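Trainee: Listed below, chain by chain, are the residues.
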Amino acid sequence: MIEVQNVTKRFGIFTAIERVTFTVDKGEVLAFLGPNGAGKTTTMRILTCFIPATEGIARVAGFDCFQQPMEVKRRIGYLPETLPLYQELTVTEYLTFVGRIKGLSAPELRTSLDRVVERLALGDVRDRLIANLSRGYQQRVGLAQALLHDPPVLILDEPTVGLDPKQIIEIRELIKSLAGSHTVILSTHILPEATASCQRVVIINNGRIVAVDSPERLSARLRQSEKISVTVKAPPSDLADRFRALPGVMTVFESSEPGSFLLECKLGRDLRDDVARFVVGNGWGLLELKTVSMTLEDVFLRLTQHEEGVEDAGGAPGAGQDVQTTEHPRA
Amino acid sequence: MTPVHAIIAKELRAYFVSPVVYVVGAVFLLIFGVLSYLAVVNAGTQAIRLMQIQGAAAQLNLNDLVFRPTFYSLAIVLLLVLPILTMRLFAEERKLHTFELLMTSPIGVNEIVVGKFLGAYVIYLGLLALTGLVPFVLSVYSSFDWNPVFTGYLGLALLGALFLATGVLASALTENQIVAAFLSFGVLIVVWLLGALGSILGDTPLGNTLSYLSFIEHYDRLVRGLVDTKDLVYYLCGLVLMLFLAHRVVESQRWK
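Residue numbers (the numbering used here), protein chains in the order written: chain A, 1 to 331; chain B, 1 to 256.
In short, the hints are calculated from the structure, not lab data. A portion of the hints provided could be inaccurate.
[What the hints assert, rightly or not] Taking CB as the label site, the calculated pair distances span:
no.: 1; chain 1: A; residue 1: G123; chain 2: B; residue 2: V240; range: 55 to 63 Å
no.: 2; chain 1: A; residue 1: V212; chain 2: B; residue 2: G126; range: 30 to 38 Å
no.: 3; chain 1: B; residue 1: P19; chain 2: A; residue 2: G123; range: 54 to 62 Å
[What the hints assert, rightly or not] Covered by chain B, according to a simulated footprint, are these stretches of chain A (three or more residues, beta-carbon under 8 Å):
no.: 4; segment: 78-88
no.: 5; segment: 97-107
Since this is a predicted model, take the numbers as computed values, not measurements. Quick reminder that beta carbons are idealized off the backbone N, C-alpha and C, glycines included.
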């Protein structure tokens with residue numbers, strides 16, 4: 001549905017995005033993840049025909065964004081980063097105007113208006129001036145604007161900014177409900193957002209794509225080993241060495257907190273059972289036992305802090321873990 | 001309802017919910033009223049003087065004494081007032097980022113430019129229609145030739161269209177409304193002064209060219225009651241040129 005091939009955008013000498021390539025299938029929800037200034041908005045603006053790419057091809061629903069912008073614009077609903085709202089209009093007036101410039105006929109407009117107002121729970125504020133609405137409502141009016149002409153492709157630039165937690169959940173539900181019938185690209189720098197509502201994540205940093213995959217697979221790809229955190233009530237002084245002697249355990253990190261250890265095991269093996277039996281069997285008292293999985297947050301930090309990206313993920317184990325290790329854990 | 005209508009409707013709505021139209025309209029109508037009052041009073045004193053000299057009631061030419069000076073002064077007022085009307089058209093859209101909505105909607109840049117221009121023009125024609133009260137009231141108490149008044153209004157309508165189109169172009173160039181207003185003042189005054197320069201140079205090729213380029217010579221003929229195709233062509237060409245340039249400017253913003 002959306003095809004981006006080697007798209008580069010330069011502003012003077014500044015390169016905003018470089019050779020960005022990805023595709024989005026029909027009905028898929030894709031998250032664009034990256035720190036501020038990574039090139040998310042630039043990519044979206046190219047897809048919505050707001051700015052042309054310097055090089056490369058961007059296609060939406062088979063239409064080239066540069067050659068056939070009208071066809072592309074007809075099929076896209078776009079929520080820009082800064083809400084495009086006319087403060088002096090009421091919600092109904094604003095949506096009516098948007099519907100007209102999107103080319104809806106009067107009867108279509110009436111039904112579409114009722115549909116989005118109901119879908120985004122704007123019924124109470126229909127006749128209020130946009131200027132007087134709270135940020136959360138304004139955001140929803142912005143979303144209503146993007147959904148109004150029921151476009152097959154939705155491009156949402158940070159759709160949940162400024163919303164309260166309840167509204168964020170509502171918007172995520174809304175986006176999930178759009179999946180299947182609509183193709184959605186949303187950008188965010190908030191990670192749970194990507195995991196919550198998207199099937200695929202594109203991580204972009206400094207204008208380059210550093211990874212494209214599902215949230216689960218991304219964290220799995222970057223995880224070199226399974227990690228287990230153990231807290232023992234009365235550890236013997238050589239417990240670290242004893243853990244190390246267990247079959248399957250590769251390394252043991254001793255935490256600064258007494259009795260806390262981080263065991264690193266071979267990928268694909270869950271040693272929790274063995275560790276529990278080992279500790280309890282020896283009567284040391286098991287206080288806590290859990291696996292430490294790499295969250296998307298860790299993946300994100302690792303990918304965007306190391307220029308080389310995925311291939312570089314081998315170094316520094318334990319980055320972003322919640323267990324503090326001593327300075328020389330292998331001692 | 002076509003997209004152009006939608007833009008016009010939105011612009012009209014925006015004008016009427018903001019104080020701009022009320023302030024601009026009130027000032028414009030007040031100045032027009034004062035100007036025509038002064039002209040009428042002046043005509044009155046001249047009539048009394050003529051009566052003292054000739055000893056009989058003189059037939060005064062209201063077209064010469066009232067309408068022509070009023071129309072001339074009004075051109076200067078338009079120069080000051082109309083840029084205020086147009087300054088927000090594009091500058092505000094860009095400031096509020098609603099420009100992005102317009103540019104990602106399936107409407108052409110020409111539709112946006114024409115829609116915005118027509119929105120402002122409708123307001124202007126409305127104001128112009130209200131000034132029609134003055135000749136109407138005068139016609140009750142005296143008699144004069146209506147034709148030069150109509151051509152004067154035609155001149156005002158054309159001059160205003162040119163000024164507004166210049167304002168649309170200025171507004172497209174910047175996101176600061178004050179800069180947009182000032183830019184259109186500047187351009188209009190310079191073009192006006194070209195005419196003055198042309199008349200100083202007199203009947204030389206350069207002088208004639210400069211006079212022709214300035215809108216004031218063409219306006220002058222219409223106010224005197226002369227409808228010449230070349231004047232109409234001048235205004236239409238100016239209007240199309242300004243709107244075309246505005247179109248290019250808006251379009252080029254995508255490339256920055």
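Trainee: Take the hints in turn and mark each one as holding or not.
Mentor: Structure-based check of all given hints:
Under the hint 55 to 63 Å, the C-beta atoms of G123/A and V240/B, about 46 Å apart, miss the expected range. At roughly 57 Å, the beta carbons of V212/A and G126/B sit outside the given window of 30 to 38 Å. Between P19/B and G123/A the Cβ separation comes to about 31 Å, which falls outside the hinted range of 54 to 62 Å. Under the rule that three or more residues need a Cβ within less than 8 Å of chain B, the assignment of the segment 78-88 of chain A holds, with 9 such residues.
Counting residues of the segment 97-107 of chain A whose beta carbon lies closer than 8 Å to any beta carbon of chain B gives 7, which reaches the threshold of three, so the coverage claim holds.
In terms of the numbered hints stated before, the structure departs from hints 1, 2, 3, listed from lowest to highest.
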